[in-house]
Every structure is written in structure tokens, then in C-alpha cells.
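> Sequence:
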Amino acid sequence: MKKVSETAAKTKIDEYIGDFPPEVASMLQQLREIIRKAAPQAEETISYQMPTFKLNGNLVHFAAYKNHIGFYPAPSGLNAFEKEIARYKHSKGAVQFPLDQPLPIRLITRIVKFRVRENLGKKK
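With my numbering applied, the sequence shown has no gaps in its numbers, which climb one by one up to 124 at the end.
Just so you know, these hints were derived from the structure itself, not from any lab.
Please note that a few of the clues may not be correct.
[Said to hold, decoys possible] Calculated lysine-lysine pairs in the DSS-like style (CA-CA distance at most 25 angstroms, straight line): (1) Lys122 to Lys66; (2) Lys113 to Lys54; (3) Lys89 to Lys113; (4) Lys12 to Lys122; (5) Lys122 to Lys89; (6) Lys12 to Lys54; (7) Lys54 to Lys37; (8) Lys83 to Lys12; (9) Lys122 to Lys37; (10) Lys89 to Lys66; (11) Lys12 to Lys37; (12) Lys113 to Lys83.
[Said to hold, decoys possible] Okay, the calculated beta carbon distance ranges per label pair: (13) Glu15 to Glu84: 25 to 35 angstroms; (14) Leu120 to Asp100: 13 to 23 angstroms; (15) Lys122 to Gly18: 26 to 36 angstroms.
Quick reminder that beta carbons are idealized off the backbone N, C-alpha and C, glycines included.
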């Protein structure tokens, strides 16, 4: 299997984001920046046809839909923040952030940092 270079992955994520209307693309780019800031050592790629950050395995994925942005931090990333995500539609492995509301920057940052600690702990 051929590995996609990091530059190619960034280009693909830029293309993914660019396929959406400006207001949605802006939110996707904001989410990308929140994740980058919370996990600067993570690698960007496309996985499951979604922008993905990897760090010792999958860290988080995200994707845009008609009315929301889906954020996929693995079930453990949502279980740890059960009370905070309760106001959003969510499932075992995903939470939906409505497009008509600002992204919960603090919550996303905390979830990503939790996932970083969790994935780095796998190494030991």
C-alpha cells in the first residue's frame, strides 16, 4: 500500500474543505486549526474519506454534512466528556456540531488533548 505524503494529505484536506460553501469551509478550517493547536505533533491525512489527524493511530476525524459538522474522537473521547456533549446530538463515536452555532472551541480542544494523552499512552 502506497503511503500518501504529508504535503499530499494537506492538499487533499484543503480540497475537501474547499468543496463546501464559504461559511462551512470557514468552520471546517477553524476546526482544523483547533485540532492542530491542541495536537501539533499529529499528522494530517485523509481516512474514511474524511480529514483525519493521526498520532500513534487515529486521533480524530471530522466531516461536514448538510446541517452539521461531525466530529469523531473515538468513543473514549466522547465518554470522557459525556456531560459537556449532552447538549449536542451524539452517538457512541461521534458528536454533531450544528452549522448555525459557533464551534465549542474549548470543548474540542479538551477532547483532542485527551485523545493525545490516550494515544501517547498506548506506546508505553
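> Are there hints from earlier that the structure breaks, and if so, what are their numbers?
1, 4, 5, 8, 14
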